[in-house]
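Visitor: Below, each chain spelled out in residue letters.
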Amino acid sequence: MKIAILTNHDIFTSTKEIDSVLSKISLINSSENKIDLIYINNGFKDSSLSVNMINQIFIYNKINDKNLLRSLSMVAIDYNENHNPDLFIISLKDSNDDFVPFLASKLSIESYLNCESFNYNYKTKRKTIIKPVYGGNVLGHYTLNNQAVISFSLDARRLVTKKTKSKSKIMFVDYTYDIPKDIKISKSFEIIESNGIKDAKFVIVCGYGVGSQENINLVKEYAKKVGAVVCGTKKVIDLGWLPMNLLIGSTGQLISPDLCLTIGVSGAAPLLNGIIKSKKIIAINKDKDARIFNYADYGITEDFKDVIFKEQTNEKQ
Amino acid sequence: MKIISCIKQVYDLDKVLENDWVVDETSKNIDISYANLIMNPYDETALELMLRMTDSSKELISEVVTIGNQKSEAILRKALAIGVNYATRINVKEQDTTTPFNIASLLHHQITSDNDIQLVLCGRQSDILNHGQTGQILAQKLGWSCFTNVFNIKYENNYFHISRLLNDGIEHIKTKEKAVITITQSPNMFLRMATLMNTMKAKQKPIKLIDLNETAKVKKNSLEEYKLDKLTIEKSNKECIFLTNDKEISLQLNELINNYLNKEAI
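Top line first, the protein sequences correspond to chains C and U. Going by this note's numbering, the first residue of the first sequence is number 95, and it counts up by one from there. Going by this note's numbering, the first residue of the second sequence is number 3, and it counts up by one from there.
The reader is advised that the hints may include incorrect statements.
Which stretches of chain C does chain U cover? Using the computed rule of at least three CB atoms under 8 Å from a CB of chain U, they are [unchecked claim]:
{"hint": "1", "region": "138-152"}
{"hint": "2", "region": "177-185"}
{"hint": "3", "region": "191-199"}
{"hint": "4", "region": "215-228"}
{"hint": "5", "region": "234-242"}
{"hint": "6", "region": "378-391"}
Chain C stretches covered by chain U per the calculated footprint, using a threshold of three residues with CB under 8 Å from any CB of chain U [what the hints assert, rightly or not]:
{"hint": "7", "region": "328-334"}
{"hint": "8", "region": "345-355"}
Bear in mind the hints are in silico, worked out from the structure with no lab data behind them. Virtual Cβ for every residue (Gly too), placed ideally from N, Cα, C.
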């Protein structure tokens with residue numbers, strides 16, 4: 095079993111994204127398996143770099159193409175011709191959704207986005223992945239046909255990976271290709287201030303039940319006092335009550351804070367997928383039958399304003 | 003110049019009760035057929051974006067295309083009622099549309115038959131198998147640019163101004179080239195309502211039908227079906243402790259927060 099992980103994360107500074115990928119791979123009889131890392135970096139010369147669980151790091155150091163998707167796909171195709179991996183795993187900063195289908199289409203192999211895990215059974219030679227289906231309400235278990243390209247769901251969860259003693263072998267690759275002329279597209283980038291969700295210990299998730307933009311502002315004031323970060327469900331983002339980068343759920347951010355307080359959240363599956371790894375969940379919802387209470391450690395069935403305002407009054411007293 | 007919005011009819015999963023998420027051991031499937039059929043929410047956003055563009059420029063023509071049986075014409079009629087110019091249905095059996103490669107092949111066949119198409123909009127994913135790849139594969143097949151995670155598009159001075167959300171910010175793109183765009187959720191981008199009169203008129207408007215026989219040749223080159231072995235449902239085994247009025251609830255909440263964050267009293 096040969097796996098190739100293609101990344102453009104800065105592996106020289108941190109390997110947490112690679113660790114995230116590795117934590118989702120389950121390989122029976124792991125000594126029979128090889129995991130390679132493919133990376134594009136023109137200036138890198140140091141051969142002492144090592145990444146946990148990675149056998150070989152292929153550094154393509156002659157690529158000068160500014161088109162990210164094309165350069166990654168050309169590198170992947172070159173690697174594929176020389177090493178023929180059973181599985182490509184893609185871990186890119188922003189472009190997993192673009193690149194996974196793009197590469198799959200180029201190689202005519204199957205592809206899956208946002209997988210939960212990958213498993214290889216050495217005896218049966220079966221490669222399986224698990225990914226959310228039916229809007230995250232159900233898990234689909236797929237057997238991969240032959241070669242495949244997949245990505246895992248992005249998450250900010252704290253991860254534990256097995257430590258290996260062996261050192262990665264660095265392979266410099268001098269591959270180049272003729273760069274075709276690109277069509278003209280003008281691009282600009284607007285940086286959004288980091289919202290701190292990924293590292294927050296206490297997160298408050300607002301749902302549609304919060305009721306209005308004004309109430310969201312009240313929750314924000316409360317969050318300031320208790321040291322929490324406020325974010326929202328898809329409905330709250332759709333209504334424009336909070337900015338899009340504060341979306342929690344399958345299509346937003348997956349979080350694992352020490353404490354997650356949900357307010358007016360009913361408990362739709364995509365949202366639950368985003369908060370389910372929180373250490374403790376406290377839910378405030380007036381509807382006692384709301385689905386969120388099946389997943390919460392503590393429940394409050396009062397109006398959230400009564401609870402929060404009293405909290406503030408108590409504090410003053 | 004034409005913009006196409008690819009729309010899909012899906013079950014409204016919000017209407018499925020938690021206890022109804024049960025895998026039938028015989029069919030290895032989940033019966034949610036009682037849920038309403040609606041337009042995929044991401045496709046609704048894409049459709050509204052398309053209509054806002056065509057509202058702003060008379061040179062743009064709008065068209066919706068769907069793949070499915072006759073039932074799926076309901077969403078095409080809805081689109082016609084709110085102002086879309088043309089509607090097309092590609093008639094196939096349900097099992098022919100289980101992989102994004104097959105769907106992209108069918109759409110590719112349709113889009114290459116019309117040179118006027120400048121922009122193709124797709125929702126980022128639909129709610130059943132959640133592959134989320136049709137738009138990207140379609141772009142690759144067409145050899146067009148592909149922009150994902152787009153939440154806004156405007157058409158001004160012969161250029162499309164596209165805004166997409168990335169991890170650290172927003173990328174603004176200005177282009178007049180042909181492109182496939184996948185649409186994510188967008189603030190205040192709710193699909194407009196049709197008037198009763200326009201709904202009635204839409205029932206009389208023609209829907210172009212492309213039959214499977216015409217597209218069968220496309221499918222021969224598609225990837226074989228993805229092997230979905232089984233479906234499982236993870237049920238929560240948590241026992242929620244409800245805070246009662248024995249003690250002021252706000253104080254109890256305060257204590258819980260302090261306990262779990264190991265902080266001094268707030």
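Visitor: Take the hints in turn and mark each one as holding or not.
Guide: Against the structure, the hints come out as follows:
As drawn, the region 138-152 of chain C meets chain U at 0 residues by the rule of a beta-carbon pair under 8 Å; below three, the given contact is violated. For a cut-off of 8 Å, the count of residues in the region 177-185 of chain C with a CB near a CB of chain U stands at 0, and the three-residue condition is violated. For the region 191-199 of chain C, the stated coverage by chain U is satisfied: 7 residues place a CB nearer than 8 Å to a CB of that chain, which reaches the threshold of 3. Evaluation of the coverage hint for the region 215-228 of chain C: fulfilled, as 5 residues show C-beta separations to chain U shorter than 8 Å, against a requirement of three.
For the region 234-242 of chain C, the stated coverage by chain U holds: 6 residues have a C-beta nearer than 8 Å to a C-beta of that chain, and at least 3 were required. For the region 378-391 of chain C, the assignment as covered by chain U holds, since 7 residues bring a beta-carbon within under 8 Å of that chain's beta-carbons and 3 suffice. Coverage of the region 328-334 of chain C by chain U holds. Counting CB-CB distances below 8 Å, 5 residues qualify, and the rule asks for three or more. Only residues whose beta carbon comes within less than 8 Å of a beta carbon in chain U count, and the region 345-355 of chain C has 4; three or more means the coverage holds.
Violated hints for the displayed structure, listed by number in ascending order: 1, 2.
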